[in-house]
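*Asks:* One-letter residues, chain by chain:
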Amino acid sequence: MENEQPFSIRFSENDQEVALEGTLRPAGPEAFAPVRARLDHAADAVRGVLYLNFKRLRYLNHTGFLELARFIAACAERHPSLKLKLVVSSVVPWAPLRFGFLGAQFGNTIVEQYDKAFYPGQGVIENDQLVPVLRTQTNIVWSHERELLRRHGLGKRMRIADICCGIGDFAVLVYKEFEPAYIVGVDHSRPFLQYAQQMAREFGITDIEYQFGDATHLFLPSNSFDFVTSRLALQIFNDPSSILRELVRICKPGGRVYLTNEMTVHNYGYPRHESVAWTYQHAVKIAQSLGMDMNFGPKMFSLLTDMGFEDVRMEQIPITNNNTAIDDFARVIESWEEYVTGELSTATQQPPEVVERLRMGFRDHVYAIRSRRGFATWPIYVASGRKPER
Amino acid sequence: MTSDLAPPSPPGPSPILTLRISVRGLYDSWTHCQRLADYIARFVASDRFDPEQLTTRLSTYLNEVLEYVFRARPSEGEIVVEVGRTDEHVIAELTIPTDEALAQRLRDDLGRVAPADARARYEAEFESMILRPPAEVGLLELVALHGVELTLREGDGAGVIVLTVPHE
Ligand SMILES: C[S@@+](CC[C@H](N)C(=O)[O-])C[C@H]1O[C@@H](n2cnc3c(N)ncnc32)[C@H](O)[C@@H]1O
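Line by line, the protein sequences are chains A and B.
When we follow the working numbering, the leftmost residue of the first sequence carries the number 1, and every step to the right adds one.
When we follow the working numbering, the leftmost residue of the second sequence carries the number 1, and every step to the right adds one.
Source of the hints: derived by calculation from the structure; they are not laboratory data.
We put the beta carbon where it would ideally sit given N, CA and C, even for glycine.
Worth double-checking, as some hints may not be accurate.
Unchecked claim - Which residues of chain B face chain A? A partial, calculated answer using Cβ under 7 Å:
| id | residue |
| --- | --- |
| 1 | W30 |
| 2 | F49 |
| 3 | D50 |
| 4 | T60 |
| 5 | E64 |
| 6 | I130 |
Start from the sequences and build out the full structure, keeping to the hints where you can.
*Replies:* This is how it looks when you write it as C-alpha cells:
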C-alpha cells in the first residue's frame with residue numbers, strides 16, 4: 001500500500017458502533033482528547049453494547065492504546081451496565097495481541113476477531129486440502145482464459161490486483177503472460193499464501209506481491225488498479241456485494257473488474273446424466289447450507305449492471321471433454337469428489353448413503369469425460385465491467 | 001604468499017540501510033517519528049513475502065522506539081538508525097548521543113524491559129500504568145506482547161538501542 005491513511009473516527013448511532021480507521025499515534029492525552037470526546041459521546045448515546053470497530057485501524061501507538069484503556073476503565077465506572085465489544089481483524093498483526101489483552105483486563109469488554117468466522121464456510125474453504133483442487137482447475141481454465149482476458153481488457157504493463165488469489169498460480173501465469181507493472185494477490189488463507197510464496201520462490205519470481213488480507217476490508221489504496229480480478233470467489237461468500245464494493249473501490253476509474261464464477265448445476269455428463277445432475281444439485285445444497293451460492297455465475301451480469309459498471313461483458317468458458325486435456329479435466333472432478341465427500345460432507349454431517357451417492361455422481365462425470373462416446377461439460381461464467389470515469 | 005587468516009567472524013546481520021537524523025530535525029515534529037518508522041519499515045520489508053504485514057509490524061515497533069527517543073530528548077548531535085537482517089530476524093540499531101544523565105536513564109529504562117518478566121510486569125502494573133505511564137511503558141509492551149527483543153549497548157557518549165524482530 002503506497003498511501004498513508006489519515007485517521008478517521010465515525011459514530012453510527014443506529015448501529016451503536018464507533019469505527020476507527022487509519023493511523024492513530026497521539027503524542028499524549030491532549031492529542032487524544034478529540035478522539036476521547038467522540039468515544040465518550042458515543043458511550044453516552046447508546047444502551048447495552050457499544051461496538052468499537054478496529055477492522056481498518058492500521059496503526060496505533062502505545063500512548064493511544066493506553067488512552068483507549070482509560071476510556072474503557074472510565075466506561076466501567078460511568079456506565080456500569082454498558083458492554084464494549086471490540087471488533088478486530090487478524091489482518092492487522094498487532095491487533096489481536098493488544099485488544100485480546102484488553103479483553104482479559106476488563107470485565108466490560110469483549111473482543112471479537114471478526115475474520116475468524118465471518119462467513120459460514122470459512123474454515124472449509126481456507127483449509128489446505130483445497131490446494132490440489134485449485135491447482136488442477138487453474139491449469140485447465142488457463143488455456144481458455146489466457147486469450148479471453150485480452151477481450152476483457154487486460155493488457156501489458158498494467159497494475160493488477162487478484163483478490164482471493166488462492167494459491168497464487170493465476171497471478172504467476174498473468175505475470176508471465178502480461179508483464180504487469182505491478183501485481184498483488186490477496187487471500188485470507190495462510191496455508192495458501194505459504195504455498196504461493198514457495199511456488200514463486202521456486203520459479204525465481206520475486207516481484208509478485210502476496211498479501212494476507214480480507215477481501216471485504218482490503219488495505220489496498222482506492223482508485224489504484226487498472227485491472228482487478230476475483231476468480232471463483234464471489235460464489236463462496238454469503239454477501240458477494242461486500243467484496244464487489246471493495247473491488248470497485250481499488251479499481252481506477254476507467255479500469256475493469258473481472259470476475260469468474262460457476263453455475264454448478266450446469267455441469268453435465270452423458271450418458272449417466274441423471275446421477276451427475278443429482279450430485280451437483282446436492283453439492284449446491286450443501287454449499288448453500290454453508291452460505292455459498294455455487295450457482296452464482298449467471299447472476300453477475302445483472303449485479304455488475306446494477307452497480308453502475310459500464311461496458312459489461314459476459315461470456316462462458318465452455319470446458320468440455322472435447323476441448324480440454326482429458327486427464328486434467330478428470331483430475332479436477334476427482335479432486336471435487338474428494339473435497340465434497342470429504343471436507344464438505346464432514347463439515348455438514350452428511351449421512352453415509354448420501355456421501356456414497358454424491359461420490360457416484362462424480363464418478364459418472366469422470367466416466368463421461370473418459371468414455372469414447374461420452375460428453376462432459378464444466379461451464380464457467382466470466383463477466384467484467386468498466387468502472388465509470390465519474 | 002602468506003597471510004594471517006583472521007578467525008571467521010560470526011555471521012552478523014547483512015546491512016540494509018543506514019539513516020542519520022539530526023536530533024533537532026527530529027524534534028521539529030512529533031509526526032517525524034511515524035514518518036521515519038513507516039519509511040524504514042517499508043524499505044526493509046519491500047522484498048519480503050507479504051511486505052504489508054512486515055511493514056505494519058516493523059513500523060509499529062520502530063515508531064514506539066522513536067517516540068521513546070523523542071521523549072527522552074537527547075540534547076544535540078545525530079541519531080543513527082542502522083537496519084540489517086539475518087535469516088530469522090530484522091535487527092534495528094538506534095544510536096543516540098548521550099550525556100551522563102541520559103545514559104543513566106537509558107540504562108534504567110531498558111533494564112526494566114527484560115524479557116523474563118516483561119509479560120508478568122505488564123499485566124500486574126497495567127492498571128496503574130494507565131493512570132501514570134512510566135517512560136519505558138511502550139518499550140515494555142513491545143517485549144511483553146509482541147515478542148520483540150530490546151537491549152542496550154553502551155558506547156562512547158552514545159547509547160545503542162537494539163531491536164530484534166522475528167520475520168514472522
Ligand atoms: C474457491 S477459492 C478460489 C481461489 C483462486 N481465485 C482460484 O481460482 O484458484 C476461494 C478463495 O477465497 C479465499 N478467501 C475466502 N475468504 C476470503 C476473504 N475474506 N478475503 C480474501 N480471500 C478469501 C479462500 O482462501 C480461497 O483461496
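*Asks:* Now tell me if each hint is right for this structure.
*Replies:* Verification of the supplied hints:
no., hint, verdict
1, W30, "holds (4 Å)"
2, F49, "holds (5 Å)"
3, D50, "holds (6 Å)"
4, T60, "holds (5 Å)"
5, E64, "holds (6 Å)"
6, I130, "holds (5 Å)"
The structure shown violates none of the earlier numbered hints.
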